[in-house]
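*Asks:* The chain contents come next:
Protein chains: 2
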Amino acid sequence: MFRHTKLLILVLAAITTGPLAGQSVPANTTAASNCLPGKSYPRIYPDQRIIFQLHAPDAKEVLVDIVGKKFPMQKDTSGTWTVTTEPIVEGFHYYALNVDGVRVSDPSTYTYFGASAALSGIDVPAPDDMDFAAKDVAHGQVQAHYYYSGIRQATRRCFVYTPPGYDENPGKRYPVLYLQHGWGEDETGWSTQGKMNFILDNLLAEGKAEPMIVVMDNGDIAGLPFNVVNWDSAQSVTSTGKDKVEFQDLIIREIIPMIDESFRTIPDRDHRAMAGLSWGGLQTFEIVFNHMDQFAYLGAFSGALRLRDNVDITELYGGLLKKPEVVNRDMKLMWMGTGSEEGNWSQGFRDKLVELGVQNIQFYVSPGTAHEWLTWRRCLHEFAQKLFK
Amino acid sequence: MFRHTKLLILVLAAITTGPLAGQSVPANTTAASNCLPGKSYPRIYPDQRIIFQLHAPDAKEVLVDIVGKKFPMQKDTSGTWTVTTEPIVEGFHYYALNVDGVRVSDPSTYTYFGASAALSGIDVPAPDDMDFAAKDVAHGQVQAHYYYSGIRQATRRCFVYTPPGYDENPGKRYPVLYLQHGWGEDETGWSTQGKMNFILDNLLAEGKAEPMIVVMDNGDIAGLPFNVVNWDSAQSVTSTGKDKVEFQDLIIREIIPMIDESFRTIPDRDHRAMAGLSWGGLQTFEIVFNHMDQFAYLGAFSGALRLRDNVDITELYGGLLKKPEVVNRDMKLMWMGTGSEEGNWSQGFRDKLVELGVQNIQFYVSPGTAHEWLTWRRCLHEFAQKLFK
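So the protein sequences, as listed, match chains A and B. Using numbering that gives the first Met the number 0, read the first sequence as starting at 0 and increasing by one per residue. Using numbering that gives the first Met the number 0, read the second sequence as starting at 0 and increasing by one per residue.
If you're looking for bench data, these hints aren't it; they were derived computationally from the structure. Everything numeric in this text was worked out from a predicted model, so none of it was measured. None of the hints are false.
Lysine to aspartate or glutamate pairs mimicking EDC-like chemistry, simulated, CA-CA at most 20 Å apart:
id, chain 1, residue 1, chain 2, residue 2
1, A, Lys-171, B, Asp-166
2, B, Lys-74, A, Asp-57
3, B, Lys-59, A, Asp-57
4, A, Lys-388, A, Glu-205
5, B, Lys-74, A, Glu-60
6, A, Lys-331, A, Asp-267
7, A, Lys-171, B, Glu-167
For reference, chain A alone in the conformation it holds in the complex:
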């Protein structure tokens, strides 16, 4: 039996001693904020071109794949492959390297859970980055909250943001936002690529948002081929695929009661919101419209995919949209957002709702962004200012 008796640290030391150590870098470039400690690539020019680099003397073909857009790399005499891309739009982009036909993550950057995989990510600086940055303000805390689910018969994890002052004010109770990730992502998304804690911290420091608890659970939509998920009902199945319990049952029957027991919430609909991005927005419409007694605030960030089915939405949600006056009376906030570059499905769904008689939908368009996390960071930044007021 193999036992690695050599000290691991010696091997680890060898790993980090790459041929790139100590080399000079192109002038007027900055290492991406996503670089691992000690790494100096990828680098970004002020005009948003990115230089990627990989040392791979024996590879035949290496390219960078940024959400489907491919940039072939060139090898120099030392065996280091490099490419400078065209300018890449600001925001967070998943990407991968492709080495001789194999999609792999970049050894130079942190990985993020997206597309049901550990993908590389790069943040191209945006003018409003300071809205999402860690500043010297009072910080709320994000905790991994473990609980046992009788429905799933497993220990599950959600992340819970508690605002600054939560521990210092043990008599105070807070409203709750349930905030969902997108397809192929998980409960880590909003507090990692989403920077939701810094967005809330900064808004609270400026007095622009109400203190709130934010719950981010796993929507159980990772690991499934996209077409397995039931498009019509936003039904999701567990990651094992062994049973099929909709996520709305989980959140209504287990997660909300568990959160109300574990945290100092104000446990009523007037102090409970739900929002989600992309598939999480679809789940949000499904869950809020089917459980109007539970939520008074709805946010959908690039989340109106329903229209693609050309289904009659008055037949959905228990027929709720046949009585738009109920929505108009009971919903304190109907908020939708989208990126300017991702198509107009959200606009189409908004128009459909208006046509059916739903009033007072607030609609936001993130300028210059597509179906990606900068759109959703901005959506949260806007949406959170309207909540619980």
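Dock chain B against the given chain A, drawing on the hints supplied.
*Replies:* Just chain B now, with coordinates in the frame of chain A:
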């Protein structure tokens, strides 16, 4: 300027539709617990052989590298590379794939921060896995705690474990264990690969440990070539390399006061412990022995590297070991642990301390494990039962 106007989700859907979907798997094997959702490889036999798989029709050479031990993979006619290893010792192992000479992480498994990189990891089942498993018991919570460091002039993050009941008993105060990761790792290590929260949860449920707060900060030893770190003084530098402030200054001057202000600690030496693994163990000796007024409990998990220098340790730590009676009088617990397969440096250091007159050192050897996380999970499981009693 390139903007990805196609919907990201369509690209993501394509990513997960690999050629492996739906295929049968070898009998009598189990998918590793580290598999990403929807992935069924690597798989483990009861005798601890592992099958790795990668679809890479255009690659010339693919191998699996488990901490330096290499297993070449064979390609079948469909372009899928496979290897079945020899039996691999139980425990958590970092590993990588090597595709045509490029070290990459395995697209089938989660990545972990180690060796200053996002490395693949695999857990080979161990007989005592249930000590570290998520069971249906009361769970403490792990929170990401952000704070501003005046010394580093940056927002830093530590992880803090609070035991079950912390929120429900706002008048209760707790002892604190400062628990450090190893070289090339960061503040995520103990609550991810280390499973420290489940270890504590399970011990508390069985009444075998005292409720405690556990603080896991970043030891600032990632991203540096191993030989840059000052071996003699355990000095670490920041990840930017711009200044050189020892981690002991950070923990004594900033982190402990910040924790005592932010959490309901018992803020005295009799209720404060420090422990660390590997390089974190070296830091623990350095920090505790130089600050005996701050700590009454010490744990070193594979952490006695000092002896390799053949330095006179009575000259270190302000000459503390010239007065072993001070250590014997003031330290409530001197605990050391190591793996049976990683060499005897810890034993050597223990013998040196005993020779100098230090008494009552408790020493634990994890059977059959090397310099890796199963050793350290077991060390924490043993050590935590001795703390604050």
